[in-house]
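Dock chain to chain to rebuild the complex, using the hints, since each chain is given by itself in its own frame.
Letter by letter, the chains look like this.
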Amino acid sequence: MEIDVKFFASLRERMGRTSDKVTLEGEATVSDVWGQVSSEPMPGNILVAVNKEYTDLSQVLKNGDEVAFFPPVTGG
Amino acid sequence: MKVVVQHEALDPYKEIKHHEDTVLESGKHGGVVSFVGTMRDFNDGEDVSAMNLDHYPGMTEKHIEAVCQEAMDGWDVMDVLVVHRVGDMYPSDPIVLVAVWSAHRASAFDACRYVINYLKERAPFWKCEVTTEGKKHWVEHNSKDPGVAESREKSA
Numbered sequence: 045m046e047i048d049v050k051f052f053a054s055l056r057e058r059m060g061r062t063s064d065k066v067t068l069e070g071e072a073t074v075s076d077v078w079g080q081v082s083s084e085p086m087p088g089n090i091l092v093a094v095n096k097e098y099t100d101l102s103q104v105l106k107n108g109d110e111v112a113f114f115p116p117v118t119g120g
Numbered sequence: 068m069k070v071v072v073q074h075e076a077l078d079p080y081k082e083i084k085h086h087e088d089t090v091l092e093s094g095k096h097g098g099v100v101s102f103v104g105t106m107r108d109f110n111d112g113e114d115v116s117a118m119n120l121d122h123y124p125g126m127t128e129k130h131i132e133a134v135c136q137e138a139m140d141g142w143d144v145m146d147v148l149v150v151h152r153v154g155d156m157y158p159s160d161p162i163v164l165v166a167v168w169s170a171h172r173a174s175a176f177d178a179c180r181y182v183i184n185y186l187k188e189r190a191p192f193w194k195c196e197v198t199t200e201g202k203k204h205w206v207e208h209n210s211k212d213p214g215v216a217e218s219r220e221k222s223a
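These protein sequences, in sequence, are chains D and A.
When the letters of the first sequence are read in order and numbered with the working numbering, they come out as residues 45 to 120.
When the letters of the second sequence are read in order and numbered with the working numbering, they come out as residues 68 to 223.
Excised from the complex, chain A in its bound form (with noise of 0.2 Å):
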């Protein structure tokens, strides 16, 4: 299991091929199942043409790590990594990244949902928007997953 919080542009193909060769295990995983979240150029109408995202240095890492954990111990999963950017990004850029191995498929798609769902719903990061006429906003809340709920019950 590994999360990384970073500042620098992240290219989350070469996150999972670099994490699959250094440190995965070759030919025991059947799949990987990979989320990446990307920045979008509009929200609730308005065009948005930059965004900072902000965390709380320390406690953002510790409650990805209980999720990533939690997908592990709920989920015949195999290893689990997520990789967030923080600081100022433009849009199409990714912002977040979350793989999850397995032998089998389910059992991936199943534990990668729930990482994004509740990463979403519990790490503490914040955006704040530039739009396209410079008016910053902060991002009040995130939209949220229908599945976000029950995602694990259903899969237990």
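This is chain D alone, in the form it adopts within the complex (with noise of 0.2 Å):
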């Protein structure tokens, strides 16, 4: 299946990419994606979203979906 990723504020800077395509073969969750995009283990203050909510690694995904890691928020 192909997954959309994403990457925001900080954690785009230090991936150096705002985005990118990962291909998974049988059944992903969101770690498997981290381990595709990166050979680092995935900071712990990072949040995941897969198709705009909130999340974690353990999300079992399927085609298309678009998974997004990000660093805490600071809107407001």
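One or more of the hints may lead you astray.
[To be verified] Partial list, computed: chain D residues near chain A (C-beta under 7 Å): (1) Phe-52; (2) Gly-79; (3) Gly-119; (4) Gly-120.
[Claimed, not checked] With a Cα cut of at most 27 Å, we get these calculated DSSO-like pairs of lysine-lysine: (5) Lys-129/A x Lys-106/D; (6) Lys-129/A x Lys-65/D; (7) Lys-95/A x Lys-50/D.
Calculated from the structure, these hints are not laboratory results.
Note that beta-carbon positions come from the ideal geometry of N, C-alpha and C, so glycine has one too.
If you want it as structure tokens, here you go:
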């Protein structure tokens, strides 16, 4: 399956890109996506969203999902 | 209920007036409570000269709308308006407006506080500040309102 990946704010700068596309075989989770985009463990403060809803690394994905990784939010 | 995320400069008082003139039924509300967040020229002991506010288009609006809906469901309020800036801004610029109309003041105060607190906690925005010395840094976390955890329960 194909997954669209997005990075925001300081994480986008650390990753050196705003987005990515990964292809995964079989049942896959958000954690597998992180494993494809980075060789390092995900920093503990990073938040995860799938299709614009907050979730965690264990969420199982389906083809075409949009997965976003970003640091704690600081709006308002 | 209206939620706007915009690059354009924000005039909160004009927004309140415009909303009252175009959306609300005249004479029905007993008051409006508003919170206007503005940019400071200091943070963590450093002088700040500019800021860029980043967001996640689609997710940001969705989560502000969810918080506004919770406020509409949780208190006896007539309408909620949120306008939030993104992009480049400077000290004293308004960043966010939360306005809540109701028949009576108590629910408007409580709902307004709920919306700004949970917007800050959940809506994906990120502040990147530039200091007067030209250093750029991402703000790591928002300061917490001590009432954030229980503001909804207290008034329920």
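*asked:* Hinted pair, alpha-carbon criterion (27 Å max): Lys-129/A, Lys-65/D. Please report holds or violated.
replied: This hinted pair holds, its Cα atoms lying about 24 Å apart.
_Just to be careful: measuring from the Cβ of Phe-52/D to every Cβ in chain A, is the smallest value less than 7 Å?_
holds, 6 Å
*Minimum beta-carbon distance criterion (7 Å), Gly-120/D to chain A*: The hint holds - Gly-120/D has a Cβ within 7 Å of chain A, the shortest such distance being about 4 Å.
*Does Lys-106/D lie within 27 Å of Lys-129/A when you go C-alpha to C-alpha?*
holds, 21 Å
*asked:* Gly-79/D was flagged as interface toward chain A. Is the shortest Cβ-Cβ separation under 7 Å?
replied: violated, 22 Å
*Are Lys-95/A and Lys-50/D close enough, with their CA atoms no more than 27 Å apart?*
violated, 45 Å
*With 7 Å as the cut and Cβ atoms as the points, is Gly-119/D at the interface with chain A?*
holds, 3 Å
Violated hints for the displayed structure, listed by number in ascending order: 2, 7.
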